[in-house]
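Asks: Here is how the chains run, residue by residue.
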Amino acid sequence: MTTPPISELWVFLKAKPLLWLVLTLGAWVLARRLQDAAGGAAWANPVAGSSLFLGLILWLTNTSYQEFFAGAQFVHFLLGPATIALGVTIIEHGPAVRKRLLPVAGALVVGVTVSVLSTWALCRAVGLTSTITLSLLPKSATAPVAMAVSESIGGVASISMCAVLLTGIAGAIIVTPLFNLFGFKDWSARGFAAGLTAHGIGTARAYQVSNEAGVYAALALAFAALLQGIVLPLVL
Amino acid sequence: MIEGMLTLLLFQVLGESVSHLANWPVPGPIFGLMLMVIWAALGGKLAEPAVQVARGLMNNLGLMFVPVAAGILFQLRSLGDAAWHVVWIVVVATVVTLLATAATFAWLARATAKDVS
Numbered sequence: 177m178t179t180p181p182i183s184e185l186w187v188f189l190k191a192k193p194l195l196w197l198v199l200t201l202g203a204w205v206l207a208r209r210l211q212d213a214a215g216g217a218a219w220a221n222p223v224a225g226s227s228l229f230l231g232l233i234l235w236l237t238n239t240s241y242q243e244f245f246a247g248a249q250f251v252h253f254l255l256g257p258a259t260i261a262l263g264v265t266i267i268e269h270g271p272a273v274r275k276r277l278l279p280v281a282g283a284l285v286v287g288v289t290v291s292v293l294s295t296w297a298l299c300r301a302v303g304l305t306s307t308i309t310l311s312l313l314p315k316s317a318t319a320p321v322a323m324a325v326s327e328s329i330g331g332v333a334s335i336s337m338c339a340v341l342l343t344g345i346a347g348a349i350i351v352t353p354l355f356n357l358f359g360f361k362d363w364s365a366r367g368f369a370a371g372l373t374a375h376g377i378g379t380a381r382a383y384q385v386s387n388e389a390g391v392y393a394a395l396a397l398a399f400a401a402l403l404q405g406i407v408l409p410l411v412l
Numbered sequence: 097m098i099e100g101m102l103t104l105l106l107f108q109v110l111g112e113s114v115s116h117l118a119n120w121p122v123p124g125p126i127f128g129l130m131l132m133v134i135w136a137a138l139g140g141k142l143a144e145p146a147v148q149v150a151r152g153l154m155n156n157l158g159l160m161f162v163p164v165a166a167g168i169l170f171q172l173r174s175l176g177d178a179a180w181h182v183v184w185i186v187v188v189a190t191v192v193t194l195l196a197t198a199a200t201f202a203w204l205a206r207a208t209a210k211d212v213s
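For the record, the sequence lines run as chains X and A.
Take my numbering: the last position of the first sequence gets the number 412, and nothing is skipped along the way.
Take my numbering: the last position of the second sequence gets the number 213, and nothing is skipped along the way.
Everything labelled a hint here was simulated from the structure, so no lab data went into it.
Fair warning: there could be bad hints in the mix.
What the hints assert, rightly or not - Pairwise CB distance ranges (calculated):
#  : chain 1 : residue 1 : chain 2 : residue 2 : range
1  : A       : L102      : X       : T307      : 41 to 47 Å
2  : X       : S183      : A       : E144      : 46 to 52 Å
3  : A       : G176      : X       : T289      : 16 to 22 Å
4  : A       : R173      : X       : P353      : 24 to 30 Å
5  : X       : H252      : A       : A207      : 28 to 34 Å
6  : A       : A209      : X       : L189      : 30 to 36 Å
7  : A       : E144      : X       : F188      : 23 to 29 Å
8  : X       : G215      : A       : L102      : 26 to 32 Å
9  : A       : M97       : X       : S386      : 34 to 40 Å
10 : A       : A209      : X       : L236      : 38 to 44 Å
11 : X       : L357      : A       : E112      : 37 to 43 Å
To be verified - DSBU-like mimics (lysine-lysine), calculated; alpha carbons at most 35 Å apart, straight line:
#  : chain 1 : residue 1 : chain 2 : residue 2
12 : X       : K361      : X       : K275
13 : A       : K141      : X       : K361
14 : A       : K141      : X       : K275
Glycine residues also receive a C-beta, built at the ideal position from the N, C-alpha and C atoms.
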């Protein structure tokens, strides 16, 4: 019996979901450690770091996204239960949240309006096509909402997905230095803005910084998803 | 661990069912989150295993976005010349939205706190 050459091992592993699952988890753990080593700095965002790293590997090894996703889908599936999990902290902070219903409602309406209108105005200003413009409008909503809304108003789901992720990563990186610069000290206001603007990726960042910020970010994520899911298809 | 996961998945199934029946473009997990909060507001209690699993998932919330985020570079390339416009528009709109939201929240929080005192 002859053993196969070592070069064939790569061909064997590359076709297995296991390899891509291990690389996804490995890239995440590595990116988290790098951020810890950078003292939790906002620019060292682990979502940005690990997805850049994986994107680079896919490109260098000439691997199709479909091949990669066959393994990464097991992590992707956990997005559902992880969203439900956000409810647990909202429940734990229920009494405090109930006292601040007016700020929550006001910031929700203002935030979603500003997000949609500013995006629309900027797209019009540079003359982007209406397909791209409509795809970008729901970019602050959580990915599944944005893709569904985009398709119902005449956008393209995959462009929306890209805009949603860019918004999430940009928001998670910008939020801390921006609010420090403008002197916002209210953690609930900072968290709420992060969740409303940068959905789940902003919420993940908010939890890293402060538990209170995380709770309000989760709240904003859920309410903004409901509001945009219901209102945008009706208005446009 | 399995027990806790099961609790979260059950709420997700409920949420997916509501989303499907209501025929809204709001995903099931968002309805599931809302249903769980409503259930707790009505006096329901979450068992310790569910709280433990929820904490574990939340501590790694960012990880769940990596499988899709790894495809961003492919997507941007397919947008061609519009890609750079998309990137800067996203960044500017994100800054504006963050500031408007936080300013409104902080202002209303201060205004309501004064009313009470």
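Asks: Now look at each hint and say whether the structure bears it out.
Replies: To see whether the hints hold, each was checked on the structure:
| no. | hint | result |
| --- | --- | --- |
| 1 | A:L102 - X:T307: 41 to 47 Å | 42 Å, holds |
| 2 | X:S183 - A:E144: 46 to 52 Å | 51 Å, holds |
| 3 | A:G176 - X:T289: 16 to 22 Å | 31 Å, violated |
| 4 | A:R173 - X:P353: 24 to 30 Å | 29 Å, holds |
| 5 | X:H252 - A:A207: 28 to 34 Å | 42 Å, violated |
| 6 | A:A209 - X:L189: 30 to 36 Å | 59 Å, violated |
| 7 | A:E144 - X:F188: 23 to 29 Å | 43 Å, violated |
| 8 | X:G215 - A:L102: 26 to 32 Å | 38 Å, violated |
| 9 | A:M97 - X:S386: 34 to 40 Å | 27 Å, violated |
| 10 | A:A209 - X:L236: 38 to 44 Å | 55 Å, violated |
| 11 | X:L357 - A:E112: 37 to 43 Å | 41 Å, holds |
| 12 | X:K361 - X:K275 | 19 Å, holds |
| 13 | A:K141 - X:K361 | 33 Å, holds |
| 14 | A:K141 - X:K275 | 21 Å, holds |
Hint compliance for this structure: hints 3, 5, 6, 7, 8, 9 and 10 are broken, all remaining hints hold.
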